[in-house]
Structure formats: C-alpha cells, structure tokens
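Asker: First to last, the protein sequences are chains A, B, C and D. Residue numbers for the first sequence follow the numbering used here, so the first one is 236 and each next one is one higher. Residue numbers for the second sequence follow the numbering used here, so the first one is 236 and each next one is one higher. Residue numbers for the third sequence follow the numbering used here, so the first one is 236 and each next one is one higher. Residue numbers for the fourth sequence follow the numbering used here, so the first one is 236 and each next one is one higher.
There's no promise every hint is true.
[Said to hold, decoys possible] So the derived list for chain B, only partly shown, Cβ under 10 Å to chain C, looks like this: (1) 254; (2) 262; (3) 272; (4) 328.
[Stated by the list, open to error] Residues on chain C that point at chain B, a partial pick, calculated with CB under 8 Å: (5) 263; (6) 274; (7) 278; (8) 285.
What the hints contain is simulated information worked out from the structure, not anything from laboratory work. For every residue, glycine included, the Cβ atom is placed at its ideal position computed from N, Cα and C.
Number of protein chains: 4
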Amino acid sequence: MAVPACSRRRLDDVSTTRLETFADGVFAIAATLLILNVDAQVTEGMGELGRRLVEIWPSYIAYAVSFVTIGIIWVNHHTVLRLLSGVDRTFLFINVFFLLCIAFIPFPTRLLATYVRTDDGSAAAVAYGITLTTTALFFNLMWRYAIGAGGRLLRVDADRREVDGITRSYRPGVPLYATATIVGMFQAEVSAALYAAIALFYVVSSVRFGREEAVT
Amino acid sequence: MAVPACSRRRLDDVSTTRLETFADGVFAIAATLLILNVDAQVTEGMGELGRRLVEIWPSYIAYAVSFVTIGIIWVNHHTVLRLLSGVDRTFLFINVFFLLCIAFIPFPTRLLATYVRTDDGSAAAVAYGITLTTTALFFNLMWRYAIGAGGRLLRVDADRREVDGITRSYRPGVPLYATATIVGMFQAEVSAALYAAIALFYVVSSVRFGREEAVT
Amino acid sequence: MAVPACSRRRLDDVSTTRLETFADGVFAIAATLLILNVDAQVTEGMGELGRRLVEIWPSYIAYAVSFVTIGIIWVNHHTVLRLLSGVDRTFLFINVFFLLCIAFIPFPTRLLATYVRTDDGSAAAVAYGITLTTTALFFNLMWRYAIGAGGRLLRVDADRREVDGITRSYRPGVPLYATATIVGMFQAEVSAALYAAIALFYVVSSVRFGREEAVT
Amino acid sequence: MAVPACSRRRLDDVSTTRLETFADGVFAIAATLLILNVDAQVTEGMGELGRRLVEIWPSYIAYAVSFVTIGIIWVNHHTVLRLLSGVDRTFLFINVFFLLCIAFIPFPTRLLATYVRTDDGSAAAVAYGITLTTTALFFNLMWRYAIGAGGRLLRVDADRREVDGITRSYRPGVPLYATATIVGMFQAEVSAALYAAIALFYVVSSVRFGREEAVT
Chain A
236 MAVPACSRRR LDDVSTTRLE TFADGVFAIA ATLLILNVDA QVTEGMGELG
286 RRLVEIWPSY IAYAVSFVTI GIIWVNHHTV LRLLSGVDRT FLFINVFFLL
336 CIAFIPFPTR LLATYVRTDD GSAAAVAYGI TLTTTALFFN LMWRYAIGAG
386 GRLLRVDADR REVDGITRSY RPGVPLYATA TIVGMFQAEV SAALYAAIAL
436 FYVVSSVRFG REEAVT
Chain B
236 MAVPACSRRR LDDVSTTRLE TFADGVFAIA ATLLILNVDA QVTEGMGELG
286 RRLVEIWPSY IAYAVSFVTI GIIWVNHHTV LRLLSGVDRT FLFINVFFLL
336 CIAFIPFPTR LLATYVRTDD GSAAAVAYGI TLTTTALFFN LMWRYAIGAG
386 GRLLRVDADR REVDGITRSY RPGVPLYATA TIVGMFQAEV SAALYAAIAL
436 FYVVSSVRFG REEAVT
Chain C
236 MAVPACSRRR LDDVSTTRLE TFADGVFAIA ATLLILNVDA QVTEGMGELG
286 RRLVEIWPSY IAYAVSFVTI GIIWVNHHTV LRLLSGVDRT FLFINVFFLL
336 CIAFIPFPTR LLATYVRTDD GSAAAVAYGI TLTTTALFFN LMWRYAIGAG
386 GRLLRVDADR REVDGITRSY RPGVPLYATA TIVGMFQAEV SAALYAAIAL
436 FYVVSSVRFG REEAVT
Chain D
236 MAVPACSRRR LDDVSTTRLE TFADGVFAIA ATLLILNVDA QVTEGMGELG
286 RRLVEIWPSY IAYAVSFVTI GIIWVNHHTV LRLLSGVDRT FLFINVFFLL
336 CIAFIPFPTR LLATYVRTDD GSAAAVAYGI TLTTTALFFN LMWRYAIGAG
386 GRLLRVDADR REVDGITRSY RPGVPLYATA TIVGMFQAEV SAALYAAIAL
436 FYVVSSVRFG REEAVT
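Next up, chain A with everything else stripped away, as it sits in the complex:
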C-alpha cells in the first residue's frame, strides 16, 4: 500500500484488492447460497421430519462437496493473486467469466442432490461436471494469462519454483472433471462419488503442497 508503485501498468495494487473483495464476495455468496438447496428439500406435509432429514442425505453430501470445492478454488485464487504485482483489464474480465462459473455452481449442485438417485441422475451429473470443468478451464486461463508473455502480471520477486509448482498443481483439474463428467453420462452415482473424491484429493494435496512450501 505504502510502497511506491513502479509497475508497468496503471491498474495496480488497488485493483488487486478490489478484485479480491468482489471475488471473495462471489465465493462467499455462492457457497452460502448452497444451503437454500438443502432447505428446499424439507417442505411441510411430507411426513415425519426426523426420517425426512435422514432421507435427504445426498443433499448434505452435495452441500459439503460443493462448499469445499468452492473453498479449494478460493484458496487457489488467493494463491494466484498473492503472486501478482497488479492486474489489467484482460485479467479482470477473465476473472468475471471465471466468477460467472463459480456463481453457477449452486444450480447443478441442487440438481445433483435432487436427481442423483433417479432416472434423471445422468443429466444432473453431467450438468455438474460441465460447470466444474468450465470453471477449471477459466481458472487455468486466468493463471496462464498472468504468467504468460514472460510473467506478464507476476511480481518481480515471485519464486520461479513456486510458480512452476502451481502450474503443475493446476494441470489435473480439467482432465479430472472432464473424466467425471463423461462417467456421469453412464453412472450418475459413480460420477458424484468422483466429484467428492476430487475435492478430497485437492484438500489433501493442497495441505501437503502448503507444507512443502513452508519447509522450503
């Protein structure tokens, strides 16, 4: 903040801060809106409440998986921005499209929770998968743009090894979600389990990555 600006661009630190405020707003709202999906599963006149609360367990899983998935993406978004010296208009608009995907997540989450065990399960699993695959695509595009052209937006002091480690860690996202989407065409429940497994994989590997980083 108090550091004199010496970047090649006019849109600088302040932009990063405001992008964070807006992005964190979208992350937080998209994650918090997920509960509306669970809530909508319990309406009056549907029999004993206790049993109903047990029956809708897929809603809880879907809520948790999507919340944690949004949480993972938030942690990664934050890792990316920490490494940038500033942002430009192109980067801001890639972010707008990326956040458009994030804000979309509650919709296929509700579909998956409601339909996974019905004949419509495949459509729901595919809708979920397309959303997450597209989100991962835009996330990668955002990162590629930031580090492209010889580190376009990177801080001068950004650690090359860290940057490469991040590039590597973001690589599996698109193929993983694309695979789960294709599986979803045939087996909705297996696909749903894969989405949960991907989230779990990311939490574990992200925590481990953070540990290594701290050790270095």
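Could you slot chains B, C and D onto chain A? The hints should help.
Answerer: Here is chains B, C and D on its own, set in the frame of chain A:
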C-alpha cells in the same frame, strides 16, 4: 493509507474504501443471485431433466449477459474510484441510487429469460432496458459529479487525458441501452440480442482501452 | 495501518476494519435481497406481464425506500466508525443487535409492498415502523455508548463540534419513525408515505450536513 | 502492510486479510439469509396479517438467537485471527469446514422455528444442536491448531495470559451445545430455550471478558 491526508474534505480515503466494500458487496450479491433465476426454471415433475436443461437455454444466456454486464460496470466503477482523492455525501448518495439500480438487475433478467419467447416478451425486454438505461444514467451522473466543478473529487495527479478518455468511453451507454429498449417495444428477441451485443462490445472495447492505457 | 497503535485498548484498528467488513456485508445483502420481494410479485399465469409490471408499483416504491433507508444508515454508520479510535466487545455486540435489525428490514418491506392497499395494510405498516424504530434505537445506543463516559471510543482528535452535530442529527430518527408507526395503526398508506418522506428528508439533510462540514 | 514480512511462512498477512474477507462474507450472508425463514412463514391467504405476525413469534426468537449466535462466533473468530501472525493451508481448510457449518445454520434455524411446537420438534431441536455442536468443534479445532506445536501460528508478541484466557473461554461451547442437543431428543422447547440461554451467556461473558481484558 499511510499517506498523510491533505485533501479539502474530511470524508477521505476511508470513505473510498468503505464505499468499495459496500458497492462490491452489492455487485457480488446481485451477480450471484442471478443463478436463482436459472434454478427456478427447473422444478419437479416437468418431464425429462436433460431435455429441460436444454430448453431453458435463454436462462443461461440471460444469466451470462447480466453477470458480465454487472462485471463490466464493476470494472468501470473501480476505474472511477481509483481516480478520486475522496468522496463526499452527495457522491455517496448518488452511489446509493446507482447501486439500487444494480441490485434491481436480477428481476428484469428473470423476466427476460422467462418471457422473451412469449407474447409478454416486449414487456420483459422493455423492463430490462429501462433498468439498464437508468443504471447507465446514474453511472454517468456519478462520474459527472466527480469531475464537475473543476474536478471536484479528482486526485490532484489524475491524468487529464485518461479522465477525458473515460468520459468519452461512458458516453455511448445511455443511448445504446435506450435504443435497445425502444427496439424491445416491437421485437423482444432482437432487443435481447442487442443487450448481449452491448455487453460484448463493452468487454472488447474495455480490454482494448486498457491496452492503450498500458501502452501510453 | 502503518501508524503505531497507541490506544487504550487491545481491540483496535483491525477490529474497526473487520466490523466494517461484516457490517457492510449485512448492509449490502439486506439491500440486495429486497429485489426478491419485487420478483415474487410476478409469477406465471397472472395475466399480461406489462399490466402486471405496472400494477405492482408499490413494490418498486417499497424497494426504493428501503434500499435508500439502508443506504442512509450505511452512510451514518460509516460516519460513526470514522470517528472512533477502536471498538470494544460491548460496542461489537451493540452492533450485532443493530445489524440484526438491518437484516430484518426486507421482511416488513415485503409485507408493506404486498398489503399496503388491503385490509391488512395497518399490520404491515406497523411491522415496518417497529422495525425501523428499533433500528434507530440501536443506532442511537451505539453512538451514545461510543461517545459516553467522556468519549469512550472517540478518536483523540475528533472534532467536538462535529460530534455534537452528529448527536443532534441522530436525535429525530426514533420520534419520526415512532410517529409514522402510530399513524400506521390507522392509515397504512399515509404511514407508508411518511416512511418515504423520512428517507427523503434524511438524504437531503445528510447531503446538506456534508456540505456544511466540508465548508467548515 | 508496510511492515516488512519476517515470518516463518510465505502465506502471511495478506492471507489473514483475505480469510477475513471470505469469512466475514459467509458470516454476513448466513446471518442475513435468516430473514428468509421468517418471511416464508407469512404467505397469502392465511387469514388476518396482524394475528399471523403475532403467531409466528418463535420465528422471531429463532431469527434473533441464530443471528446473535453467528455474531458471537464472528466476534470470537476475529479475536482468534487478531492473535495470528499468518495462516497456512491447513488452517485455511479448517476454516473452510468451519464456515461450511456457519453457512448451514439457517437451515436448522428454519426447522426449529417451524416445528418446535409440533410433534417434529425433537427432530428440529436435534438438527439445530448437531449443527451448533459441530460448529463449536471446528472452532476449537481451528484454535487448537493455531496455538498447537508451541504456538504454530501465534504472533510472537501474543500475550500468553490472553491466549490461555481464550482457550478457557472456548472450552464450554461443545459440552453446552451437546447437552442441549441431548435435551432436544426429549424436550424440543426446553432445548430451544437452552440455545437462547447459551447465546445470552456468551454475550454477557464475552462483554465481561472484554472488560477485564481492557482493564488488564
């Protein structure tokens, strides 16, 4: 932050920051609430889910166009605030009315998505257009007030050419949306396509404007 | 930020910042949720859309009045926090109760918009009035606590005249809303007009107050 | 911000700030969404509005108790973060799970408000209790992780007595909520009263704790 305040007004840096927090909150929530409109298009007992998810494509377009439109306005709002040394009460209240328009956007978006291909399409297209035209009017009012009276709220070091460039870039907003609104009275679908085209035009020209700025 | 902390309390600048983030979040969400009330007035199968959009004009007024009222309170909350050197636990909890009132506003707003022209208008007008009166009470409590005990939380450099001016400007809130509430028991529509008039009065007087302050 | 970073970790101050932005977003949204539960209790064609607004008093209590409970947790979360020098990935993910619980609160709140006086009261009271107990568990996990391993994430200058005081003050949360949950299996209304009493206890003891702290 650490820079000693030497402005003509008492409501200073802090105000700009808090205005950003509140404004970014409204931007983020209005954008994220848009998904509720898409979600409401899929209710139980309406036939095969897969087909339904394809049928509601206007909802996706409406979601994307409004999200990106809000994103564009957010980027512009942020460009404006970056150039100000501080804000006063009048500016804050113009912002409140401007944000009132932003928060209104999800409503006509839902109308347009639901009714565009029905006999009620015109009413929906006009409602959308009036909202966006009014938003553009308040945005211009905000900017005019800030630069009025010899640069009332402008930073001392604000680049005159940049300020003029911004003034020029905000000029087409009101006539463009007003035109699309009038078209909407007769042709809802053409009007909807125009709203999408305006958003696209702004993304492209904003990115190009950002490039020129960086080059200068 | 970079200024060394020399206050009497441990919960300092950071607290003020976080209180602002949380408060601005509640302000922004409460204001933005208001649009859901308007949206709920337009459901399928209710006749011609154009006519319906005109018929629900009380919803637009209610939306605008509540949005601007929340905006006014936001501006005032921000004026208060700007004058404080820090916050303590008691102040934080008064704020929690105050924000509880702010977040409640969308509910009576919907009631007033829906019922003002029906036999249930009085109940709606009274519900709206009680909410706003309570909000004004907590706002005053917050301010009284901050300036109490010889300026408990005030900045050392807070201008005494400004503080007194603020105290004076917050005085009419409770009696104004209480009066409109009592009127609501008998005349819902007059009461609704009073709520709009109070908002207008505050915008005008707040802008004027800001001007005088700038001149001084 | 302007202070040179000299911590053991790379993810530093900035992380704390962004965690706050995201967390405060979730806190603010979860708290503000609570009003939707109250609003849903009043639908058209249910008789006289005035009587209905009185009848739904459990909704107001539930709204207030959950809002204040979220407010208490927010104050405590903020006390914790103030004492940390930075955060690591593990801490961020514990926070994601913790916020997942916070965002869940509106759902059992609605259940409790709707069903407390019916045969389904027990199920609702237990659902509320499990949510709050789990939230308290994750909160403690977060704190334990931060102070574990010899003050893993603590500021170097963190006051040992304050840290111990905090550890002590967080201890009763889990047993209190677990007890109220068990009571809920048999007596929904007593359980609901206990949730309110716990919130009240925390407000009072938190304010008192803050006072002692200020005196010290």
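Asker: Checking against the hints above, which ones are violated?
Answerer: 7
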